[in-house]
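Let the sequences and hints guide you as you build the complete structure.
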Amino acid sequence: MKDKRVLYVSSEVIPYLPETEISSMSFEAPRMINNNGGQIRIFMPRYGNINERRHQLHEVIRLSGMNLVINDLDMPLIIKVASIPKERIQVYFIDNEDYFKRKATYADEEGNFYKDNDERAIFFAKGVIETVKKLNWAPDIIHVHGWLASFLPLYLRNYYGNEPLFENSKIVTSVYNQGFDGTLAKNTIDKVRFDAIDDDVITELEEPSYVNLMKIAVKNSDAVIVGSEEIPKELDEFINTLDKPVLKYHNMENFSQAYLDFYSSKVLK
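Once you know that position 226 of the sequence shown is 226 in the UniProt record's numbering, the rest is easy, because the numbers rise by one and skip nothing.
If you are wondering where the hints come from, they were derived from the structure by calculation, not from laboratory data.
Values in this document were obtained by computation on a predicted structure and should not be read as measured data.
Incorrect hints may have been included.
[What the hints assert, rightly or not] Estimated spans, in silico, between C-beta atoms of each pair: (1) 138 with 31: 20 to 28 Å; (2) 246 with 65: 34 to 42 Å; (3) 73 with 240: 34 to 42 Å; (4) 241 with 56: 21 to 29 Å; (5) 253 with 193: 38 to 46 Å; (6) 19 with 101: 23 to 31 Å; (7) 36 with 72: 22 to 30 Å; (8) 136 with 177: 35 to 43 Å; (9) 60 with 229: 34 to 42 Å; (10) 234 with 53: 39 to 47 Å; (11) 200 with 20: 18 to 26 Å; (12) 86 with 193: 43 to 51 Å; (13) 133 with 268: 20 to 28 Å; (14) 56 with 19: 27 to 35 Å.
[What the hints assert, rightly or not] In silico lysine-lysine, DSS-like type, Cα no more than 27 Å apart, as pairs: (15) 2 with 248; (16) 170 with 134; (17) 101 with 80; (18) 101 with 191; (19) 115 with 219; (20) 186 with 170.
For every residue, glycine included, the Cβ atom is placed at its ideal position computed from N, Cα and C.
Structural data, given as structure tokens:
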């Protein structure tokens, strides 16, 4: 993996959010690539419960200032950056006052799922892609973690499909047993249709459940990694029908060599 560029796009990363399978792997995998001579970038949302002062986040003026259109509304994109202590790793944060100022990640204090989580996910996907374009940094691999990042493969393949910077990028999606109950907003599919993405690509969004979001993500990926020991049965069966490389679950203690081999021999082959 020496000098290979790997873009990590995750809904959660430690030390900025509590430790989960997603947040832990979204730190350990980039660190492993970093230690093996690869180049990395990490992107995550700048949720309002991330302490900017403690983690020393600061805005990157040259990357901020763009507006992204979400469901016919102009939403300003703010980019912040921080360095993970004791590691030579920078994390880029996608921010917007309307979507990410609230002091929680996915739900309010009563546990009610935010009604605009679909728009937040679309904004995050577009924000990452537009920022990487501004950085002019062409990734060899784009590795997606977590459902809030799950629109990225769909948008990269269908909305940014002719973008030359990504023409050789391979997308890997990790699937975890860390989703949500119920569905996103019922009109999620209309918000994606607004971006002129064909209906036949997004039929699963008629019912925007966690399983269906991940189905769309893996359909638009080049390879899949099973990130949890157990994942929803329907998702497991769906992945088994795909004609693309799949890496079975490896725990945190022994994932390194498996991921390196998978990246180099299956994804970049």
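### Query
Within 18 to 26 Å or not, the Cβ separation of residue 200 and residue 20?
violated, 34 Å
### Message
Verify the CB-CB distance for residue 36 and residue 72 against the hinted window 22 to 30 Å.
### Response
Given range 22 to 30 Å: violated, Cβ gap about 44 Å.
### Message
Taking the Cβ atom of residue 136 and the Cβ atom of residue 177, is their distance within the range 35 to 43 Å?
### Response
holds, 37 Å
#### Entry: Assessment of proposed distance window 34 to 42 Å (beta carbons of residue 60, residue 229)
Distance hint for residue 60, residue 229 holds at roughly 38 Å.
### Query
Between residue 253 and residue 193, is the Cβ distance one that fits in 38 to 46 Å?
holds, 44 Å
### Task
Would you check the hint for residue 170 and residue 134, treating anything up to 27 Å between C-alpha atoms as holding?
Holds, because 19 Å separates the two Cα atoms, which is no more than 27 Å.
#### Entry: Assessment of proposed distance window 43 to 51 Å (beta carbons of residue 86, residue 193)
Once the Cβ atoms are compared, 45 Å apart, the range 43 to 51 Å for residue 193 and residue 86 holds.
### Query
Is residue 101 close enough to residue 191, meaning Cα to Cα at most 27 Å?
Holds: residue 101 and residue 191 sit about 22 Å apart, inside 27 Å.
### Task
Evaluate the given range 20 to 28 Å for the C-beta pair formed by residue 133 and residue 268.
Since residue 133 and residue 268 have Cβ atoms about 22 Å apart, the given range 20 to 28 Å holds.
### Task
Sort out whether residue 248 lies within 27 Å of residue 2, counting only the CA atoms.
Within the cut-off at roughly 24 Å; holds.
### Task
Kindly confirm whether 34 to 42 Å is satisfied by the beta carbon distance between residue 73 and residue 240.
holds, 39 Å
### Task
Take the C-alpha atoms of residue 101 and residue 80, compute the straight-line distance between them, and say whether it is at most 27 Å.
holds, 13 Å
Violated hints, in rising order: 4, 7, 11, 14, 20; the structure is consistent with all others.
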